[in-house]
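J.: With chain A's structure known, arrange chains B and C on it following the hints.
Protein chains in written order, with this note's numbering: chain A, 1 to 275; chain B, 1 to 373; chain C, 1 to 676.
Incorrect hints may appear among the rest.
Stated by the list, open to error - Pair by pair, the computed Cβ-Cβ distance ranges are:
| id | chain 1 | residue 1 | chain 2 | residue 2 | range |
| --- | --- | --- | --- | --- | --- |
| 1 | A | 166 | C | 10 | 22 to 30 Å |
| 2 | A | 12 | C | 258 | 33 to 41 Å |
| 3 | B | 167 | C | 654 | 55 to 63 Å |
| 4 | B | 103 | A | 5 | 18 to 26 Å |
| 5 | C | 134 | A | 255 | 28 to 36 Å |
| 6 | C | 87 | A | 169 | 35 to 43 Å |
| 7 | B | 16 | A | 166 | 34 to 42 Å |
| 8 | A | 130 | C | 604 | 43 to 51 Å |
| 9 | A | 35 | C | 43 | 22 to 30 Å |
Hints are computed from structural coordinates only; laboratory data are not their basis. The beta carbon of each residue, even a glycine, is placed where N, CA and C say it ideally should be.
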Amino acid sequence: MKKNNSLLLSTPYIIWMLLFTLIPLGVVAFYAFTDPATGEFTLENMNALSAYLPVLWESIYYALISALICLLLGYPVAYYIAHRTPAVQKFLHMLVMLPMCMSFLLRTLAWVGLLQDTGLINRFLDWIGIGALPLIRTPGAVILGMVYNYLPYMILPLYSTIVKIDGRLIEAAEDLGCNGVQTFGRVVLPLSTPGIFTGITMVFVPAVSTFYISQKLGGTDTVLIGDVIERLFKQGQNQNLGAALSLVLMALVFVCTDIMNRFGGSSDEEGGVIV
Amino acid sequence: MSKELIRLQDLVMEFDGERILDGINLYIKDHEFLTLLGPSGCGKTTTLRIIGGFLSATSGSVLFDGKSIGDVPPYKRQVNTVFQRYALFPHLDVFDNIAFGLKVAKLPKAEITERVQEMLAIVGLRGYENRRIDSLSGGQQQRVAIARALVNRPKVLLLDEPLAALDLRLRKDMQNELKRIQQTLGITFVYVTHDQEEALSMSDTVVVMDKGRIQQIGKPEDIYNEPKNAFVADFIGESNILDGIMLADYKVKFFGRTFKCLDAGFEANEPVDVVIRPEDIDFVPVEEGHLTGTVTSVTFKGLNYDIIVDFKGFKWLIQTTDFQPVGATVGIRLNPEDIHIMKKSEYSGMFGDYSSYSAEYDELVEDAGDEEE
Amino acid sequence: MKRTTRILTILMFVFLYIPMAVLIVASFNTGKDLTKFEGFTLGQYAALFRDPDLLRLLGNSLLIAILSTAFSVVFGTVAAVGVHNLKPKLRKAALSLTNIPMTNPDIVTGVSLSLLFIFVGGQLLRQRESLTFWTLLIAHITFSLPYVILNVMPKLHQMDNSLTDAAMDLGCTPIQSFFKVTLPEIMPGIAAGGIMAFTMSLDDFVISYFVTGMDFVTLPVEIYTYTKKPIHPKIYAMFTLLFLLIFVLMVTMNLLQLRSDKKKKETRVKAVKPAVRVLRRVCAVVLILCIVGGCCFLLLQPKGDTITLNVYNWGMNIADGTDGTLDIIAAFEEKYPNIRVQYATYESNEVMYSKLKNGGITVDVIIPSDYMIARMIDEDMLLELNFDNIPNFRHIDEEFRNNDFDPENKYSVPYTWGTVGILYNTKYVDQADVTGWELLWNEKYADKILMIDNSRDAFGIAQYLLGYDVNTTDKAELQACADKLAEQKPVLQQYVMDQIYSIMQNEEAWIAPYYAGDSMLMMEENEDLAFYLPVDQGFNLFIDAMCIPTCCREKEAAELFIDFLCDPEISGANMDYICYASPISEAREYMEEYLAESEVIYPSSEILAAGTNYQFLPGETSRYVENLFMGVRGSVSEGSDNFGLILTLVIVAVVVVPPVLRVGKKLRKRAKKKSA
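The following block holds chain A by itself, in its conformation from the complex (with noise of 0.2 Å):
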């Protein structure tokens, strides 16, 4: 009774899964195989990919670069937030989350305003006597639009896994010798493994394929793959080399999470929750 029950409850939700997430996946296989006039099966969209590696290398040297920062500035505060009191973990908590409800367009956009040439920091830079700098347009502009964007994202699973080592491991490494830094590296360090291999995806995967952070904080040779891929749909008239395009990202992310769960060893029950 309870296992006719329990199919009858979630077939509608696998149909519905299947019919919108792996159904348009091979959609997006058959348009990358065909031919945008013809219709016809081709390799022509996939031989036209190898003028796009350049820019994939690049959106992976950007992303990582970016999840790398993410990490470095995340974790401390990841690690101050578990050791405060409770209620202070909620609020602190809280504000990490804030960000990522609000418009990530406006927020970008309010870089702008901040990086560019006539912007809040370089009239600041230029008043007291420094004089302007070249700030936006450059490839720092895009990483630091990726690491403002996405560092939330690598917060909170580092801090979830933080809060939940035992404070009698550290007392336990404590009490065996180490020093502070030796029970930070030989405890709380592997066991925070988990959160910095799901963080670290949780970064690359947004920052590896956006186009509006480029767009905007990007000069004329930071051209990403997400934007690559916007041009071929928005304006490139051509959905069938967009739609190769976009199943190289689809793999390149694949193995990318597939790396990260093997090392960071986490359950395949719950993947990658955030809260």
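T.: Below, chains B and C alone, put in the same frame as chain A:
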């Protein structure tokens, strides 16, 4: 004295090809306190869940008042259950937990309040109506669980190891409490436990189960005094079990000697298991004893000493208030009423040897701590 | 160590909140520029509430968020219960399905869903309009569902299974026991999942951007197109209000939770009850909101006698009532009360073309440029007009009829005409350098030069500079142009279309090629700007004309709209806002004098003689040009032949091998178990 209320016929339960219940036949009388006793995985909880309606048997039938209730869902059965870890609803307070069944049945508000108050009085929790469940102690939660089940005035109350989570002293108190409630209300209790002491002290009838089969049904005294096989003998209290040969009625031979006993009805020269309870053995001066042995270990138990005595390489457990130092040579006498004879069974040779005394004792302790799935 | 982490944490929070602070401060700014605070005002908030379009967009976003959240909460909770009780293997499969939208990049999800809808709706079901409100809703539900499932599943996992048994034991049917016991137990998970789904849906841009059609646009998608134009501070005001709302919501939720935690420690339960009641009430309110929202949506849908006319136009290319101009669409709707205009904008011919070519949408009126009209005629994308319905066509000047791109004048009615020249800032640019198109390559102004971001205009500029024919199909010439454009890249600040407004006005850049009308608009805002036409080298003379695409549904209403815009008085009023030249000379009388007399808008005929039109290029050539331009923009190298095959094999390997390996491992384990 009273009529039969529940009958289980040839119950078989299989799960993933594994046989959990293997032909259970049992009847439960009205107003009876019946206990299903057995180690973890013996199928006692499964039997209870089938009576409760949470599982349906692979084959066989459950009769309630003579009618088959195999297809009746739990919410239509006239039985209520006290669950292993109480299963109290954490989002409701004490009053609402107890009133739950009555509210579902849509009784008038006044009656609900009255019956809940009445139940609170019975379980001694007056004034706890608005307490949160997680603010109660284990014993209090236990009482709420019992009240919640009883307030519906079921014909039968099923209790699934209700005292397992309590500490020793509280468990003793609750045993008395439960017995009192059962006698006051006159409801049939079907009680599941792995604690033989609990079973013996509370029940009218004890059903000993192992490996999905009923090993013995009987009054507590009969179960203890006349175990049917080595398993029951070992599971109910401590037993020294020896191989013997029934020479004739009232005559059994073991350790190369012939003893008088009270049992009859065996074939001549039939191999049998001989049970001697440790507390039935008394030390006598060596020259007066039937057997002579050497003390190998002594443990102080408070009420008595557990003394292991080596008789020609076979170690017995003897419980006595009579201290003997390790290495002492002792003699024992066996009276006919101390010797119980059992037919050979699949369990023969598995129990009753105290050669590895300490290890076995640990195992027993571990077992008791184990809760059944 | 402790102090460093504390300081770092504080710095990180400053980093996270500075941009928000900038936006909030900007919402009180009298000026339009984000970076210059000119004075305090609350006017932006008043403006926000007086802007029906913005409120409608906000309403759209809320509607989609509420409906998709409500649906995914109900559906997801039911599904989670089902999946929870599935056999482990099936459960694992269902969970990996759940993880697909969580791990896939948004852009891939968006692309895949839009392709699915276009493929199924357009090619299988032959629906003309396959991207609608409903497909957007489906997309939002699809990415919201996992949040609910992944939050509810752990709660189910934690729940004592015997609780439901106990409920049934006490007389509950399975359904009753779900509502009375399971639901209260998993409520925190449902609430958390619902809140996450709601915020994700409200803020989603990427997926909506790809899936959205013409008729239903959400706020973030519209903001994306806004941010290319000078963004109006009332958007900041809206951001501030939303920020405050979410902030207050989160803080109160936090406080409520804290209080109930404290109460938990006390023994009496009564005190917690209000919190539960509040939660219940909030749920009820949300539910009612959903229902009301849904009803509103159904009511707002055009009734039988109202026609919705979809107009797809260039950005800032119709007078909208701001700065004292005439609100043309409002005037049209007033004249024809049974027609409701749904207005959307694009920023280049190519964007518009892609949108129509990709399919899945309904558009009734478009206003492309000459060469694009020719191309669309060639590809059978336009409908012939019924000129009986456009009597005002008689006002169109003779010289603008029967143009090259539409020789028999069957498909188009001219809307505006103009030139492409160079807009530059006289404050920074030495007049001596303004000699021709080469100004755009001048290293002296490196990083202060913008380039137009569409292939045709960009190649046109290179062709004028190199002295080639702008309508050439010669691949060698085109390649030379591409090289020339690539050469320009180091001195460029960026490629832009509508974003040019804010960049030029606040002097972030100094030199840019652009359309005369838009340049005129910018010159009104910043007096230092000037417009230059390289007469010697040649420049583009373009005509934008109104057409009706084949995906039109309301042809007659579309023709009424076209006719309305050809009324000289309306056309004149329109030109006052968009600052282009009207093909109707009578309209000049109705224009502001300074515009009607402006050399920028109406150059003298000698100058005009130097201009050339873009003409139709065969599809193959335009694709070639587009690819070359993609290459210029994106540091793209040559394609190679075997690459596709290898790549395909790699992808197949990547997607197929790990699951196969996993299955293999399992089989081996099982074999080991059996042998042991």
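J.: Decide, hint by hint, whether the structure agrees.
T.: Taking the hints in turn, this is what the structure says about them:
1. Distance hint check: the CB atoms of residue 166 (chain A) and residue 10 (chain C) are about 28 Å apart, consistent with the given range 22 to 30 Å.
2. Checked against the hint of 33 to 41 Å, the pair residue 12 (chain A) and residue 258 (chain C) passes, with Cβ atoms roughly 38 Å apart.
3. Under the hint 55 to 63 Å, the C-beta atoms of residue 167 (chain B) and residue 654 (chain C), about 57 Å apart, fit the expected range.
4. Checked against the hint of 18 to 26 Å, the pair residue 103 (chain B) and residue 5 (chain A) passes, with Cβ atoms roughly 24 Å apart.
5. Checking the proposed 28 to 36 Å range against residue 134 (chain C) and residue 255 (chain A) shows it holds: the Cβ atoms sit about 35 Å from each other.
6. For residue 87 (chain C) and residue 169 (chain A), the Cβ-Cβ distance of about 36 Å falls inside the hinted range of 35 to 43 Å, so the restraint holds.
7. Against the hinted window of 34 to 42 Å, the Cβ-Cβ separation of residue 16 (chain B) and residue 166 (chain A) comes to about 36 Å, which satisfies the hint.
8. One distance hint, 43 to 51 Å for the beta-carbon pair residue 130 (chain A) and residue 604 (chain C), holds here, with the actual separation near 49 Å.
9. In this structure the hint that residue 35 (chain A) and residue 43 (chain C) lie 22 to 30 Å apart at CB is violated, the actual value being about 55 Å.
Checked against the numbered hints listed earlier, the structure breaks hint 9 alone; every other hint is satisfied.
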